[in-house]
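Enquirer: Sequence order for the protein chains is A and B. Counted the way the working numbering counts, the first sequence spans residues 1 to 138. Counted the way the working numbering counts, the second sequence spans residues 1 to 61.
To be clear, the hints were calculated from the coordinates, so they are not data collected in a lab. Just to be clear, a hint being listed does not mean it is correct.
[As the list claims (entries may be wrong)] Cut-off 25 Å, straight-line C-alpha distance, at most; resulting in silico cross-link-like pairs (SDA-like, lysine to any residue):
1. A:Lys137 <-> B:Lys3
2. B:Lys3 <-> A:Lys36
3. A:Lys36 <-> A:Leu124
4. B:Lys28 <-> B:Thr41
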Amino acid sequence: MAKEKEQKRPMPPISTWGPAVALGWLVPGGGHFLLKRNGRGTLLFACVTAMFLCGLMMQGAMFQPQTGDLLTTLINTGGFIGDVCSGILYLLSVWFGYNTPDMAGHVHDYGTKFLVTAGLLNLLAMVDAYEIASGRKD
Amino acid sequence: MPKMNLSHFEAAFLFSLFTSVVLGVVTKRSDRDRLHYGVYTFVCFLVALFGIGWLMYLGHG
């Protein structure tokens with residue numbers, strides 16, 4: 001019953017959650033800082049940034065959107081979206097010319113996964129910031 | 001940019017650590033639950049790491 005009520009709750013206006021989500025994308029944990037959740041924001045910033053930097057130091061590859069068969073499209077486009085979700089970290093690395101080709105070796109492979117996962121973790125942080133800003137979570 | 005050369009275990013350990021902290025922070029509603037969930041997911045990652053590692057070792061013959 002309570003779950004049904006929660007599902008029927010209307011979506012709050014974008015002005016309440018838009019800035020927190022946008023800042024959360026640009027700076028990992030930024031949405032939480034804006035909403036005065038400094039402790040959680042610091043943890044999110046530290047973890048996402050550390051994961052992204054580890055990915056760079058392991059010389060992971062950045063995905064580029066490609067089309068072709070379904071699996072190629074899914075992996076490359078999904079990976080690209082994951083990379084972009086890191087916000088300023090992704091933009092800075094592209095602006096400074098980071099462009100490592102996909103190389104063989106477990107360290108580079110882990111690096112690629114670290115880069116994508118940093119973005120996906122930031123996506124989770126953005127969803128959390130949305131829930132806090134819209135009053136669905138403390 | 002300095003280069004990092006990690007073993008499988010070190011890379012998987014770091015991955016587990018960062019992911020567990022973020023999952024703990026964003027999933028639960030109280031600090032106590034967040035800590036518990038973060039530790040729980042980290043332990044799950046490590047159990048899966050060792051479990052799947054041994055499975056592959058034994059499966060390989």
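Enquirer: Against each hint, give a clear statement of whether it holds in the structure.
Expert: Now the hints, each set against the structure:
Distance hint between lysine 137 (chain A) and lysine 3 (chain B) is unfulfilled; the C-alpha atoms sit about 40 Å from each other, more than 25 Å. Of the supplied pair hints, the one linking lysine 3 (chain B) and lysine 36 (chain A) is violated, its CA atoms being roughly 36 Å apart against a limit of 25 Å. Restraint check for lysine 36 (chain A) and leucine 124 (chain A): the C-alpha separation of about 18 Å stays at or below 25 Å, so the hint holds. For the proposed pair lysine 28 (chain B) and threonine 41 (chain B), the alpha carbon gap of about 13 Å is at most 25 Å, so the pair holds.
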